[in-house]
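Participant: Given chain Z's structure and the hints, the job is docking chains E, V and U onto it.
So you can see what is in the structure, the chains are spelled out below.
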Amino acid sequence: MDITYPPDAERFRARIRTFLAENLPAGWAGVGALPPDERAEFATRWRATLAENGLVAVSWPKEYGGAGLTDVEQVVLAEELARAGAPSGGENDGFGIGMLGNTLIQLGTEEQKSYFLPRILSGEHRWCQGYSEPDAGSDLAGLRTRAVLDGDEWVIDGQKIWTSAGHTANWIFVLARTDPAAPKHKGITFLLVPMEQPGVEVRPIVNAAGHSLFNEVFFTGARTRADLVVGGVGGGWRTAMTLLGFERGGQVTTQAIEFARDLDRLVELARDRGLTSDPRIRDELAWCAARVQVMRYRGLRGLTALLQGRTPGADGAISKLVWSEYFQRYTELAAEILGPELLAPTGPGSGEVLRVAEVGTPNSSRAWVDELLYARAGTIYAGSSQVQRTIIGEQLLGLPREPRLDGGPFAEIRPGKGA
Amino acid sequence: MDITYPPDAERFRARIRTFLAENLPAGWAGVGALPPDERAEFATRWRATLAENGLVAVSWPKEYGGAGLTDVEQVVLAEELARAGAPSGGENDGFGIGMLGNTLIQLGTEEQKSYFLPRILSGEHRWCQGYSEPDAGSDLAGLRTRAVLDGDEWVIDGQKIWTSAGHTANWIFVLARTDPAAPKHKGITFLLVPMEQPGVEVRPIVNAAGHSLFNEVFFTGARTRADLVVGGVGGGWRTAMTLLGFERGGQVTTQAIEFARDLDRLVELARDRGLTSDPRIRDELAWCAARVQVMRYRGLRGLTALLQGRTPGADGAISKLVWSEYFQRYTELAAEILGPELLAPTGPGSGEVLRVAEVGTPNSSRAWVDELLYARAGTIYAGSSQVQRTIIGEQLLGLPREPRLDGGPFAEIRPGKGA
Amino acid sequence: MDFAYDAEQDQFRASIRSFLADHADPRAADGHDGLLWQRLCTDFGAAGLHAPEEHGGGGFTPVETALVLEELGRALAPVPAWGTVAAAEAVLRLGGADVRKEVLPPLLAGERIGALALVTEADLDPARVPVRADGETLTGTVPVVPNGHVADVLVVPALVGDRVVLHVVTEFEAERQDSLDLTRPVAAVRLTDAPGTPLDEGDLDRLLDVLRVLLAADLLGTAGACLGAAVAYAHTRVQFNRPIGSFQAVKHRCAELAVELDAARAAVMFAALAAAEDSPELATAAPVAKFQAADTAVACAAASIQIHGGIGFTREHDAHLFYRRALTGAALLGSSARQREVLASRLGF
Amino acid sequence: MDFAYDAEQDQFRASIRSFLADHADPRAADGHDGLLWQRLCTDFGAAGLHAPEEHGGGGFTPVETALVLEELGRALAPVPAWGTVAAAEAVLRLGGADVRKEVLPPLLAGERIGALALVTEADLDPARVPVRADGETLTGTVPVVPNGHVADVLVVPALVGDRVVLHVVTEFEAERQDSLDLTRPVAAVRLTDAPGTPLDEGDLDRLLDVLRVLLAADLLGTAGACLGAAVAYAHTRVQFNRPIGSFQAVKHRCAELAVELDAARAAVMFAALAAAEDSPELATAAPVAKFQAADTAVACAAASIQIHGGIGFTREHDAHLFYRRALTGAALLGSSARQREVLASRLGF
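Residue numbers (full-length UniProt numbering), protein chains in the order written: chain Z, 1 to 419; chain E, 1 to 419; chain V, 1 to 349; chain U, 1 to 349.
Think of the hints as simulated: they come from the structure by calculation, not from any bench.
Where is the CB? At the ideal position from N, CA and C, for every residue including glycine.
Please note that the accuracy of each hint is not assured.
What the hints assert, rightly or not - Between beta-carbon pairs, the in silico distance windows are:
#, chain 1, residue 1, chain 2, residue 2, range
1, E, Pro-400, U, Gly-34, 55 to 61 Å
2, U, Pro-106, Z, Arg-401, 53 to 59 Å
3, V, Thr-236, Z, Asp-2, 50 to 56 Å
4, E, Pro-362, V, Ala-283, 29 to 35 Å
5, V, Gln-11, E, Pro-400, 29 to 35 Å
Stated by the list, open to error - Chain E stretches covered by chain U per the calculated footprint, using a threshold of three residues with CB under 8 Å from any CB of chain U:
#, region
6, 137-144
7, 201-208
8, 344-350
9, 369-381
10, 404-413
Just chain Z, with the same shape it has in the complex:
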């Protein structure tokens, strides 16, 4: 056993640190230290800087214009960006580069690759993901958005929801039902759809913390070319699963980095209130510290698996459950530390983040209230805790599935909302 990084990786790390020192603004204290209204502008500039330095599309082979970094280099880059509190790309890059780009490289036609990949890289195409629907959440395969071929175009009708970064995107990859007579997991097709057309409307969803991170996307006779299908007509479910496999491979060790940093902030909050001497608070803080250590150990193990080319199995489900359940317990501890300060939170907020606050976020009661609220969403989006437990139970422990009631043709399954 050995938990040091190879010398090459450490040399790469040194390079990245130099790059960050030279390219981040002077006195850089992390995105969280920027006023919220300056963050988007910074992100745009920063993406350009990364692109100039060949640090976008780090997972793509160089032949497609990617950075062609090795796995460990991707991990090191992600770690250093996380430590510095600098974004790894633009708002839509996770979808365009991390997901769709990698999927096209594996499953796309030559024509799709040569058309889309450069435009994703340049930022001309900004992608978002059209998966969930109002009646298809945990049960994603229950989706009802329909696409029918009309000559050489698909015509799409339906509604998607929980589309992150939908308002900044101009392309969307959509799961649509193309054969209602097939069983629900069949008959789904993965389509690439331009958003700048009359049949596509994007509406923001404002969340409980007052921010808008998600959108609804309405399709009313929207159109896309017949050949903009990835993975074949009726093969969309498999394509979607392939794509999910590309999520956050390089992020295997950053979870612990982020939560460890934010825990320091919480300890400081407790100390400031004189509560680190309260045995109950100490006990909870220690539990949190231990959980962050466990995230770190899991990260090292995950990185080892990544480097050895082993697939993680249900590890993603465990990882999601661990951080999202931890996030709740940890922000509830913040609430207990704040006590009556909760009633009138002051200072700047934590901004529009989905997980733990960004580097540099002020240690204000308002920022903690934001995190407390966001933590409630953490166990819902990207697969609820219930879904993750089912995955762990069935895939890791091999426990038998529930009896299925939705095995027949999709058209015969009763609609999402009853009574």
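Facilitator: Okay, now just chains E, V and U, sitting in the frame of chain Z:
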């Protein structure tokens, strides 16, 4: 609102207190203070004393030889016996008097009543309950013990398990399948079976605490008279449900009394170890005290409902869940208080009890270890916590049932143990 | 033995519930629907059910007041009930005859709005009280006062020498603060040489205990509304061709919350009765009711968001409003851990 | 970067697991199967894997020793591994060359059995140490010593002046006590003018940390065995015409425990590596591993009883044996709350 007892009830309470003072042994400190091997003998003597004073079969009408106490008198009697740490009857009386007797009074034939009731009262017939089977636990209706008519007798084959007080009983009421072609809840018949015959064998089950409170009962061509059926052939499920309704009506307020008393013992344990000043222990002790208060409030509400003739609905399920889950948390707190003392428990044990230790149980580490172990069983027997939550979810909250896979004829349901 | 609401109480509850269903909108008027409060006071006597009739109250008991607060907590009614009831309770218990006569009738009639400048019992600690009495006038700033920005009458702890005495004040500046709870917003209140009428130095613990019970009732209502909403949604929301309420993950979680809710209901009922009877049991029943109701409300509100899924976390959905109210109720008058410490020390642990 | 067991370690684990599956019976010999221990020492070097070869050890690292203890905890092997390994560790770390040379070879060869007369770190508190050194001899009674009744060599803290020094003793009387853990029973040990060899006054915290890791490994094995048994039973046990493992109540509880088990596994692996590398990280990793493994073991053992239903609470079933072992492991070397306090203070909270 008014939480005082009516004057009549208080007069009755005074009478009971006098009775207890006059009839319990001098210096009586509760059953828990007796050496374990003297408890059975005391119980026998005490039952005789109760009988002489007309205090057995308190819920039966006087015409059947019962005490004919009013509901509130039954409650007061149960409270005073609980406070004094004196049994309310013999080991088999809960089954013979509380359950079967009341069921016979409601559903039995005249012949059954006149034959069985006096013999239950006298103690000649000592009953136990033949419900659960190795493959029919939570799914009681999945039982496989068969009974077939052979002339004027039923012939019974099968196995029952978790039969309390089976070794001291000489009669057993048995749920047996008499029509395998019917759906599982139909085709069950409630039979009265004498145990002193060659076809019935009782084997004790030793539990994890080393005591034997339950038995297995094996039927091999056991026989009983064709007319010893309660509720009709095929009507056994309904009879069984009726019988369960008679469980512990008079005990509505005793749960809180018992747990409050034992919590005093735990506080004393903590104080003795200097741990009542530990904020974490204080917090847990206070939580326990609050939970016992809640049991008390629930008891007062339940008593009100009883006196107003309202049926409790899912209240029994809540009550079971509350005490059994509390019992675990509370004994785990005892374990934390004992700390390393757990390794080598000393002093007398708590004896063969299913719930909280009896009045007078010494405050020894061994007694607490016994309770800790027994608490693990509390969430299993008499309907597991899972079963109780389902009852609460479906009956109290009206949530929809799981899809059923066992709706067809019983004979076509696959056997209890697979692969 | 009659530990249950009677028919009259049930009917009263039903009528206020139905009224609130028609008229209470948690999003109305930035957390202060003055008209609704006015009607609640005139039509239901909401502010003063257990005050004596001579002061303009209803002559009932804290059981009825708790019942009103429970329904307000269920409806998330954006009315200054907490501030008014708490201020009135302080005056009722500790005010002399003159003060009571002057202050209570307009408060209870809904003509004036009250607020209590106290968030937790630590605010009664002489070392921390921010307001100081200087002769007949008071000066200082209290940073967080629920309903303070709409209040006409303020009850405020002030340092008189080295003792803390509650005072009634009507001249103050209040500035609404950003509030976690959107239905019970808070204000910072500044007193500058404000004339104040001192109340008696009576049993502040007892006052706090009664307030704990009333706050617990509010939390109980919130808890019940959240569980009810979650259960209703679990009935109609279908995934995998089944209502999600048929899955044990949802069903059993709801069942566990139903058990806690039932406990909170029993605890609030008992504690309110103890307050009504001025029983010594109030000293234990009040902290039990407060933390049981608070923990249940927070858990039910969180579960409601979870069971509703993404939609439960949108601004448009009420789920987060309940969560916010539950959180603030849990912090008001001291955290659940603090209630348990109070309980432990009163029980002599 | 290679944070995983290698093929050799996996193979070693597999072979000891298979050996234990064939030979270890938790009910054997009233908690002391001497023959089994003898074979574990000779065939697997179980007692001394990370001791240097010069002392009769295997020359491996604590990673391998942890692996053995994990398998013993999984099999509930009734052998004096804890006592022997703990005593050997003390001698290895704090003994002079002579003591090491004399004591270690027979211990590690399984010819003699060791015990450490210490249950929690409080037993190192001068005010509480029951044994006193008087010149060269020791006198006093230690009430609870795991494996003490079968031990030949005892390492015991004794008061020398006002300091606590560990001593090696071979003359003592031991009386087996009723033990919660039936597979790792304890004894009371009495020393009467017993000749004792003092060890150095080295870093006792470090010694305790290594012991925490090894005990955590034992608990990890117990946890894994319990979850494995519960999952296997949930597969085959059919109620309502479905395997009970298809119900979410069972499936999700198992999944939650799998998450905790995974955390415990990672924590023990990391802490053992930190011990192997003598890294400063051991100071945090050891208490983390100890409480994570302990809490997981207790939870898995309790869940195993619950999922097995009534049968899991019978004396014949192993489930309660695991529960007993988990409970004692959790208490040994200090409760989980105590581990967290150690962690908090080492992290400077």
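Participant: All hints are to be evaluated individually against the structure, with a verdict given for each.
Facilitator: Status of the hints after comparison with the structure:
1. E:Pro-400 to U:Gly-34: 55 to 61 Å: Once the Cβ atoms are compared, 59 Å apart, the range 55 to 61 Å for Gly-34 of chain U and Pro-400 of chain E holds.
2. U:Pro-106 to Z:Arg-401: 53 to 59 Å: Hint holds: Cβ distance 55 Å, inside 53 to 59 Å.
3. V:Thr-236 to Z:Asp-2: 50 to 56 Å: holds, 55 Å
4. E:Pro-362 to V:Ala-283: 29 to 35 Å: Holds, at about 31 Å.
5. V:Gln-11 to E:Pro-400: 29 to 35 Å: At roughly 32 Å between Cβ atoms, Pro-400 of chain E and Gln-11 of chain V fall inside 29 to 35 Å, so the hint holds.
6. 137-144: holds (count 4)
7. 201-208: Holds: 4 residues of the region 201-208 of chain E have a Cβ under 8 Å from chain U.
8. 344-350: holds (count 3)
9. 369-381: Since 8 is at least three, the answer is holds.
10. 404-413: holds (count 4)
Checked against the numbered hints above, the structure violates none of them.
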